[in-house]
Amino acid sequence: MRLACAGLLAAAAALLASCAAPTRDYQPDALAMMKRDFHARGSAGMDRLNEDSVQAACNKSQDNPPQEVAAKLEKEQFAAIKWPADGKLTGDWKAGERIAQNGRGMAWNDKAGEGGSCYNCHQVGPGESSFGTVGPSLYQFAKKRGYGMDIQRYAYGKIYNAKAYNLCSQMPRFGHVKALTEQQMKDLTALLMDPASPVNQ
Amino acid sequence: MKQALVLGIVAAVAWLPAAAQTADPTAAEFDKFRAIMEQDNPAELFEVKGEELWRARRGPKNASLEQCDLGLGAGVVKGAYAQMPRYFADADRVMDVEARIVHCMMTLQGFKYEELAKQPFSNETRTPEPVSLVTYVAAQSRGMKLASPQNHPKERDAYETGKAIFHYRAGAFDFSCASCHGVDDKRIRTQPLPNFTKPEQAILAVRGWPGYRMTGGLMHTLQWRLNDCYRQQRFPEPGYVSETLSALLTYVTVNANGQVYRGPGIKR
Chain A
-6 MRLACAGLLA
4 AAAALLASCA
14 APTRDYQPDA
24 LAMMKRDFHA
34 RGSAGMDRLN
44 EDSVQAACNK
54 SQDNPPQEVA
64 AKLEKEQFAA
74 IKWPADGKLT
84 GDWKAGERIA
94 QNGRGMAWND
104 KAGEGGSCYN
114 CHQVGPGESS
124 FGTVGPSLYQ
134 FAKKRGYGMD
144 IQRYAYGKIY
154 NAKAYNLCSQ
164 MPRFGHVKAL
174 TEQQMKDLTA
184 LLMDPASPVN
194 Q
Chain B
311 MKQALVLGIV
321 AAVAWLPAAA
331 QTADPTAAEF
341 DKFRAIMEQD
351 NPAELFEVKG
361 EELWRARRGP
371 KNASLEQCDL
381 GLGAGVVKGA
391 YAQMPRYFAD
401 ADRVMDVEAR
411 IVHCMMTLQG
421 FKYEELAKQP
431 FSNETRTPEP
441 VSLVTYVAAQ
451 SRGMKLASPQ
461 NHPKERDAYE
471 TGKAIFHYRA
481 GAFDFSCASC
491 HGVDDKRIRT
501 QPLPNFTKPE
511 QAILAVRGWP
521 GYRMTGGLMH
531 TLQWRLNDCY
541 RQQRFPEPGY
551 VSETLSALLT
561 YVTVNANGQV
571 YRGPGIKR
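Residue numbers (this note's numbering), protein chains in the order written: chain A, -6 to 194; chain B, 311 to 578.
Rather than coming from a laboratory, the hints here were simulated on the basis of the structure.
Covered stretches of chain A, as calculated for chain B (at least 3 residues, CB under 8 Å): (1) 23 to 36; (2) 46 to 53; (3) 97 to 106; (4) 109 to 122; (5) 153 to 167.
Now the in silico label distances, taken between C-beta atoms and shown as ranges: (6) Val493(B) with Arg138(A): 24 to 32 Å; (7) Glu510(B) with Gly38(A): 35 to 43 Å; (8) Ser122(A) with Val570(B): 30 to 38 Å; (9) Val493(B) with Lys87(A): 30 to 38 Å; (10) Gly35(A) with Val570(B): 36 to 44 Å; (11) Arg17(A) with Gln501(B): 30 to 38 Å; (12) Glu434(B) with Gly141(A): 47 to 55 Å; (13) Pro59(A) with Gln501(B): 28 to 36 Å; (14) Glu61(A) with Val570(B): 42 to 50 Å.
Just so it is clear, CB atoms sit at the ideal spot from N, CA and C, and this is done for glycine as well.
Build out the structure end to end from the sequences listed, making use of the hints.
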């Protein structure tokens, strides 16, 4: 809060008189206002305005929770990951590429289990130049890290629930919220892990 | 004609500091294209339409909007947009331009909110009247410095509430506005994401809006932009001209205060 005020001061000296540090937490006001103003639409119900334990810890701390809080919640999130019953973590990388390209899912007019929106934020395969930079590049993911079971588990787990590894990560929890099916997460894991995948060329 | 166009392109490219600074080649190309398009912006058609609508007697009360107070006194349009959002005592809330125009359409002309909110965004068959009116009003602040006031306690509350809304993470994907617009130099696919928490980038939330969007060829306002942000944020839908949206617009506009508004623009 104080930071933006400093920015404000720099931008408009005229505001100096009025720009005092806020005297209270405005999040309750913000949430009450949103609950008054929003309405459910399509697949997005009003329950989506409520924080879960992870969102609450991140909102409360500007994405920088105390170490012990983060460790405890990360452990809980990790424990809730449902690993494939057959023990196999990879599927078809070609199907994975289509899921990575698809930016739909969980918005008003979307169904669950549509896309992973991966290219929105990550460089993935070398054939797609239209990729975002919010997340790190995943090009040569396994080529750089190795093709072993530990890296496979990391890739699958991270797609399932990124918050199990980094509590306030900006990445959605695709398995945790059922935005992707188990098969879709296996296909995405294959896109990152298969030695034949263009990602690892 | 051809000569004029070539001259225009040369002038536009020579004038373009933004494109030169943009590291991303796709974005730089689009900046060039936009600079050329802005010289002949289709938004002007909506500006003219909006002015007609402003003066026309319409609605159940058969009245014009010429007595609408946009913050600088009844009927004063020039410079009003650059000083919004602001607090309006008659409504006892902070309003952005579209919220204020809708308020005037309801109080002066007798339109019903439910009718105006039913389909508030442009589509292939229809450009809602408030969209043209916003374009007209915004154009009358072209070249002026933004000065959204922070004098009234409710204006300061709107700023702080807007800031809290901006940073509030929730929903299916744990997103807030800040997930995309809280850090420097990121992009979604090839679309650069300005960091609206910083004054020098917050202007990009205001500049170019309302805008003629080349995708679909439709005129859109910031009410549409924020609505679509919330769709992509995987939140429920915000109410048209609601206080939440005025608070968010207060937060980003005040962050951009002191910088020049260039008038209705062109959008990708």
